[in-house]
Amino acid sequence: MIELKDYQQAQLLLEKHGIFVAPSEVHGTISGILACGLNIDDKEYLGLLSDVFNDGQGFGVELKVFLAELYKLVVEHFNDPEYTFEVYLPQEDEALNDQANALVAWVSGFLLGFGLKQKDYGKLSADVKEVISDFSEITKLDTHFDDTEEDKQAFHEVVEYIRVSALLCFAEMGREQGDASTSKTVH
Numbered sequence: 001m002i003e004l005k006d007y008q009q010a011q012l013l014l015e016k017h018g019i020f021v022a023p024s025e026v027h028g029t030i031s032g033i034l035a036c037g038l039n040i041d042d043k044e045y046l047g048l049l050s051d052v053f054n055d056g057q058g059f060g061v062e063l064k065v066f067l068a069e070l071y072k073l074v075v076e077h078f079n080d081p082e083y084t085f086e087v088y089l090p091q092e093d094e095a096l097n098d099q100a101n102a103l104v105a106w107v108s109g110f111l112l113g114f115g116l117k118q119k120d121y122g123k124l125s126a127d128v129k130e131v132i133s134d135f136s137e138i139t140k141l142d143t144h145f146d147d148t149e150e151d152k153q154a155f156h157e158v159v160e161y162i163r164v165s166a167l168l169c170f171a172e173m174g175r176e177q178g179d180a181s182t183s184k185t186v187h
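To convert, note that position 82 of the sequence shown is 82 in the UniProt record's numbering; the numbers rise steadily by one, no gaps.
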């Protein structure tokens with residue numbers, strides 16, 4: 001199983017390559033692209049990410065490798081029957097405000113990715129429309145929290161709602177990942 005890079009290391013890698021967005025936003029964008037039905041085997045995601053985050057310019061090898069790993073991880077987690085998909089955020093020992101800012105960036109990225117591939121809002125189910133509407137409201141979230149247990153609990157409930165909602169979108173609109181090694185016909 002592929003593991004997520006440490007959040008701070010991912011941030012440094014993105015910045016090293018001139019990409020000044022949160023790793024959570026990149027993860028959210030990939031998640032949104034996949035959740036709205038991008039063919040999982042399609043390599044179009046690199047072009048979409050390049051257009052959005054790098055003015056259409058190609059990525060360096062190191063960053064391409066990271067993005068490919070991130071993409072594979074999202075595919076793997078979306079398709080896992082154990083529902084292992086997680087929202088990519090800073091570690092829990094980081095300030096709650098930093099986690100909240102990353103969460104808003106993730107949701108913004110999800111909406112961006114979803115919008116890149118989904119052009120007909122009218123054809124979405126009521127559940128998916130509700131998710132998109134809720135996510136739009138979450139992007140307006142006040143990210144100033146006190147580090148109280150009550151605020152931490154409320155934050156974790158929002159994260160769980162977002163996680164489950166992303167899974168719902170993928171279940172309704174995404175495509176099942178076939179095992180590439182078994183889907184090829186050998187003659």
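Since the hints were made in silico from the structure, they are not lab data. A hint or two may mislead.
With a Cα cut of at most 27 Å, we get these calculated BS3-like pairs of lysine-lysine [as the list claims (entries may be wrong)]:
hint, residue 1, residue 2
1, Lys64, Lys140
2, Lys5, Lys16
3, Lys119, Lys72
4, Lys140, Lys43
5, Lys129, Lys5
6, Lys123, Lys64
7, Lys123, Lys140
8, Lys152, Lys140
9, Lys152, Lys119
10, Lys43, Lys72
11, Lys64, Lys129
12, Lys16, Lys43
13, Lys123, Lys152
14, Lys5, Lys64
15, Lys43, Lys152
16, Lys72, Lys5
17, Lys129, Lys119
18, Lys117, Lys129
19, Lys140, Lys129
20, Lys43, Lys64
21, Lys5, Lys152
22, Lys117, Lys64
23, Lys117, Lys152
Bear in mind that the values here come from a model prediction, so they are computed numbers and not experimental data.
Structure-based check of each hint:
{"no.": "1", "hint": "Lys64 to Lys140", "result": "31 Å, violated"}
{"no.": "2", "hint": "Lys5 to Lys16", "result": "15 Å, holds"}
{"no.": "3", "hint": "Lys119 to Lys72", "result": "24 Å, holds"}
{"no.": "4", "hint": "Lys140 to Lys43", "result": "32 Å, violated"}
{"no.": "5", "hint": "Lys129 to Lys5", "result": "32 Å, violated"}
{"no.": "6", "hint": "Lys123 to Lys64", "result": "33 Å, violated"}
{"no.": "7", "hint": "Lys123 to Lys140", "result": "25 Å, holds"}
{"no.": "8", "hint": "Lys152 to Lys140", "result": "18 Å, holds"}
{"no.": "9", "hint": "Lys152 to Lys119", "result": "36 Å, violated"}
{"no.": "10", "hint": "Lys43 to Lys72", "result": "11 Å, holds"}
{"no.": "11", "hint": "Lys64 to Lys129", "result": "32 Å, violated"}
{"no.": "12", "hint": "Lys16 to Lys43", "result": "23 Å, holds"}
{"no.": "13", "hint": "Lys123 to Lys152", "result": "36 Å, violated"}
{"no.": "14", "hint": "Lys5 to Lys64", "result": "14 Å, holds"}
{"no.": "15", "hint": "Lys43 to Lys152", "result": "38 Å, violated"}
{"no.": "16", "hint": "Lys72 to Lys5", "result": "13 Å, holds"}
{"no.": "17", "hint": "Lys129 to Lys119", "result": "13 Å, holds"}
{"no.": "18", "hint": "Lys117 to Lys129", "result": "15 Å, holds"}
{"no.": "19", "hint": "Lys140 to Lys129", "result": "18 Å, holds"}
{"no.": "20", "hint": "Lys43 to Lys64", "result": "11 Å, holds"}
{"no.": "21", "hint": "Lys5 to Lys152", "result": "24 Å, holds"}
{"no.": "22", "hint": "Lys117 to Lys64", "result": "21 Å, holds"}
{"no.": "23", "hint": "Lys117 to Lys152", "result": "34 Å, violated"}
Violated hints, in rising order: 1, 4, 5, 6, 9, 11, 13, 15 and 23; the structure is consistent with all others.
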